[in-house]
Every structure is written in C-alpha cells, then in structure tokens.
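A.B. asks: Here are the chains, one letter per residue:
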Amino acid sequence: MVADGSHAPGGMASRSRGRANAMQRFARRRSTVAFLMTVPLLAIIIGLVAYPAAYAIYLSTLNRRMTAFAGTLNFELLFESDTFWMVAFQSCFFAITAVVLKASIGFWLAHMLHHIPDKGQRKWRGMLLVPWVIPPALSTLGWWWMFDPSYSSINWLLAVISVPEVPWLGHHWWARIAIIMVNVWIGAPFFMIMYLAALKSVPEQLYEAAMIDGASSFQRLRYVTLPMMANIISITVLFSLIVTFANYDIVRVLTNGGPRDLTHVFASYAFQVGILSGNIPRGAAVSLFMFPILALCAFFVLRSVTRRNKEQM
Amino acid sequence: MSASTAGAAPKGIYHLAGSLRKERRWALWVAYISLVFAAIIFMAPPFYMFITSLKGSGEIASQIGSPWLVRDPTLDNYSAIIFNPLFQRFMFNSIVITLFVVALTMVISILAAFALARMRFFGSQALATGVFLTYLVPDTLLFIPLYQIVGGLGLLNSIWGLILVYPTLTVPFCTWIMIGYFTSIPKELDEAALIDGASWSQMLLRIFIPVALPGIIAATIFAFTVSWAAFVYPTAFVTTPDQMPLTIGVVSQLVRADTFAWGQIMAGALVAALPPVVIYAFLMDYYIAGLTAGATKG
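Chains as they are written, first to last, in the working numbering: chain U, 73 to 385; chain Z, 29 to 326.
Excised from the complex, chain U in its bound form (with noise of 0.2 Å):
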C-alpha cells in the first residue's frame, strides 16, 4: 500500500500514471468510482423505500396517539372490524377483474393491429394509446362527469337504445363496476403495446412453418404464438396486478369510498383512516396488508425477466 505507484489494483484507469499518493489510487480505482456512482441511488432505494418500509412496519405496532407499544392490537381491530374485510374483498375483486379485462382487451387489440398493414399501424397505436397517456387522475374526472347522477353522458346514450338509467355512482355494485371500467380504460392501452411489441418479435417463419403443417388460426394462436409470448404475458399480468391492487387515484377521485364506504380499497383507506383520520398506527397497519401479495407478484415477476433475460443472451 506504499505509494510507489507500480501495482495500482484493478487499474485499467491507473495505468501509465507516475508517482500517486494512497489517497489519489483509492479514488481512481474502478470498484469506488462505480460505488460513488452508485451512492445517491443506494440513497434513494435506502432512505426512501427501505427505511420507510421498515418504518411502517414500526408505526402499526404503535397505539393510536403513538405513545406506546401496542403489539398487534391494530392487527387485531381491523380483523374484527367489518370494513376491513370488505376492503380486502374489493381491493381483490377490482385487481382480479380489471387485470382480466385488461389483459384480454389488450391482447385482442394487439392483434386486430397485427392483422391491419403496416403503414395504418402506428396511426391506430397513436389514437388508442391516448387514454395511457393523459394523468389518470384527470381522465378520472372526466368520467365522474360522464357518471354524474342527473347529466350523466352515458345514461344518454344507453336512453337512446332505451336502456333504464344506471345509477352509476350511486349503488355501490355500480360504483364498483364504474370504478373498474375506467381502470380497464386506462390500463388497457399498455397491454396492447407490450403485446404487439411481443408479436413483433415472434420470427414470421413459425407461423408459415405451422401453415404448411395445415394449422388453423386457432391452433397457430396456441401452439406459436401463445407459447412465444407466454413470458411476457406473465410479466404484464403479474406487473398490472401489483399497480392495480395498489391504485389509489381513481377511487379516490371517482367515488372517494363510498357510497357507505363500500369501494374503498387497500390504498383509498389507508389514506382515510392514516392520513384523513390521523390514525397512522392504523392506516400503516392498512397498508401492509398489501405487501404479502405484492411481495408474491413481485416474485413471480423478477423470476420471469430473469428467465427471459437467459433466453435473450
């Protein structure tokens, strides 16, 4: 370690560099450099996301005015409190329902777009990304209007094939309805891009080897292109599931809980009971109920990009 400066280690950016002090080696060597780098990331990931999440994890054992240890207590009460359980139910129902239906729309776009040539193709991408692209909390009040319970637009327009008006927001089997509907609307688009970004990168060749072998449309979409795109698939699922069961916006916008706190999910009621009530033991308590299924999602998650990253190399 003397300053001799003959063996600098791992020092590709050391080399041909006379005489140089331990302190200005150190700073040259290739491992701190890439450290330094890293700092304000690890910062980040650390002091924003870790440190947070461990520190939920200490407020929900807390007592409501968070003076003392509470144990599980807050566990406990939102066991036993009804609410709670309808929260889970709906936060479950929305997150399996508007994946469902954003995954099937998504994909049966992304091939109506395959099909139709390729110069009309980035015309249609472009109009049906809109709904993507503008803030979901925004587009959300434009739907509350569009649901609101004397001028609602789409009561309209069901009246004009003389459907009985819907009370949209009012019931909360509508509300629930309404509320994944505009979830499909917004999340829909990006399936349809990650699929037709897949169905791209199917090679052309298996699908004229399967003609050849007389297969249908029908067995040329499960016997190539599902198994193609079967990772893919799985990472949009899986990734829609943790954003969609986490989604705050547009229940917080669109019905804000209600009617009788029945649309509440995990995220809109955290936020009533930690923030809007100052119970944060409790809404931390919440909160966390979501982590174990993110946690899964997660999981499968990182196990297929790393199994695609494989293929890919």
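Derived by calculation from the structure, the hints in this document are not laboratory data. Please note: incorrect hints may appear among the correct ones.
The calculated lysine to aspartate or glutamate pairs, modelled on DMTMM-like cross-linking and capped at a C-alpha distance of 20 Å, are [claimed, not checked]:
{"no.": "1", "chain 1": "Z", "residue 1": "K50", "chain 2": "U", "residue 2": "E280"}
{"no.": "2", "chain 1": "U", "residue 1": "K272", "chain 2": "Z", "residue 2": "D313"}
{"no.": "3", "chain 1": "U", "residue 1": "K195", "chain 2": "Z", "residue 2": "D313"}
{"no.": "4", "chain 1": "U", "residue 1": "K191", "chain 2": "U", "residue 2": "E276"}
{"no.": "5", "chain 1": "U", "residue 1": "K272", "chain 2": "U", "residue 2": "D220"}
{"no.": "6", "chain 1": "U", "residue 1": "K191", "chain 2": "Z", "residue 2": "D313"}
Go by the hints and put chain Z onto chain U.
C.D. replies: Same frame as chain U, but now just chain Z:
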C-alpha cells in the same frame, strides 16, 4: 374473385386459395371494426371533456338535447381557468417540481446505470435486482411512513417535500432501462476509449450518453410523465392550495362542494393533461420504447 374467373375447370386448389383470401379479407374487416370500436370508446372521455369545456354553464345545466354536442361554443372556460391565479400557481408548482425531479432522476440514474452496467463491484448484482424490486414497490404502500418522515423534516405542505419523494417513483425504472441501454453498447467502444486514455467521466460523456441517447430520451419522458401525473404523494403531503401541483389542485380545489363549474373543471383538466399529451404526440416512438423497455431490456 380469382376463383370465379378461373371458372369451373380446375377446381380444388383455386377454390382453396379463394377461400383463404376471403378468410383474410374477413379477418381484416374484423380488425378494422374492433379498432374503430375501441378508438371510439378510448377517445370518448377526452372528447366529452373537450365538449363540456366549450359549453357555457347555462348549456351544461340544460337537460335538453344531446350532451355530446355543443350548440354555441365559447372559450370563456379556458380564459377563466388560465387567468385564475390559483391555477397559474398549480401550473408553476407542477413545472418546478417536474423540472427538478427530471434533472435529479436523470443524473442519479445515468451515473448508477453506468456503474452497474460496466463496472463489477461488491454487491453490484444485488443492487441491480434491488433497483428492479424498488420499481415494483407502489407509492401507496409507503405514503404513510413517508408522511411521517417528510413531516419530521418539516417539508409537509411544500413542493420541496414532493421533490424529495418523487425520485422514488422515477429513479428505479429509469436506472433499470438505462442499464439495459448501456449494456447493449459494445465493449469494444470503451476499450478503444480506454486505450486512447479516456477517463471514466470522458467515457460516460463522450461515448455512453451520445450512443444511448434514445434510451435517455425515453427515460426522460418516463420521468416527466410520472412526476407530472403523480397523485398519491401530493394528495397526502400537501393541503395548502398554493403548494399544490396540477393533478391534486384541479381535483381538489376546482371541485367546490356545491357549485360545480363543470366547464371550468374540464378545461382545467385538459390544460393540465396537455404537456404529457403534446410530448407523446411528438415523441411517440421514444415514449413507446420507454414503455416496452421495462420488460424487454435490462
């Protein structure tokens, strides 16, 4: 068509070709019908927002006629919203927040991605995985502890608190896709640079950033749209109107409990949604590249 002109002579194969073509044409029709149908549904809400924003309050309140049409269009709502000092304040806050967040994000993620893509060091693999995992952590999971932390720093009700926490939404994904773009740059390029005596910083500035420019643009667009549209953190951390960014400002302040000025709300929402839409319109390919990169690169 060809099957009919071929006449009755050699059937079989021609007949088959005709049906294949017919099948293809039928598929094309189905495709166009689905696309038109989807486009109508996808464009209807923004279209209706636009129509409403052109109506005067009298026309909005009247129940006669189709709500999807405007009889005497007016720009009053737009002038009212644009000259509303509160709205101007929201716009200013959004612009300041977004500029800071995008700049911070790009610096942090380019540096980190360069290190993670090119230099192996202790824990670099784990860190790359960690970056991806943090990307999967939704904002609604952490807003309560962050509320306490931001409050402890005295940054509640301040745009600086938002600038502090927004990078958690943008940095992981941007780093992740930049790693992908940087790894795809051939190693020969940096070897050549090293032989010519370039330092790490020169290598980054002269080679990596120019070569990976499409990726950088895609990541910048992503950071921009995310910080412009962020909703959970400003809703939780900001309650004073003069520190609100556009999203929560339009949703909470323009919507007054009793008198719903729908025309103005819709005009405000459309003006607020304009920057990401304009960027998307001009840089669609980069936008889509950024969208798909998350799953296909890295």
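A.B. asks: Which hints from the list above does the structure break, by number from lowest to highest?
C.D. replies: Structure breaks hint 5 only.
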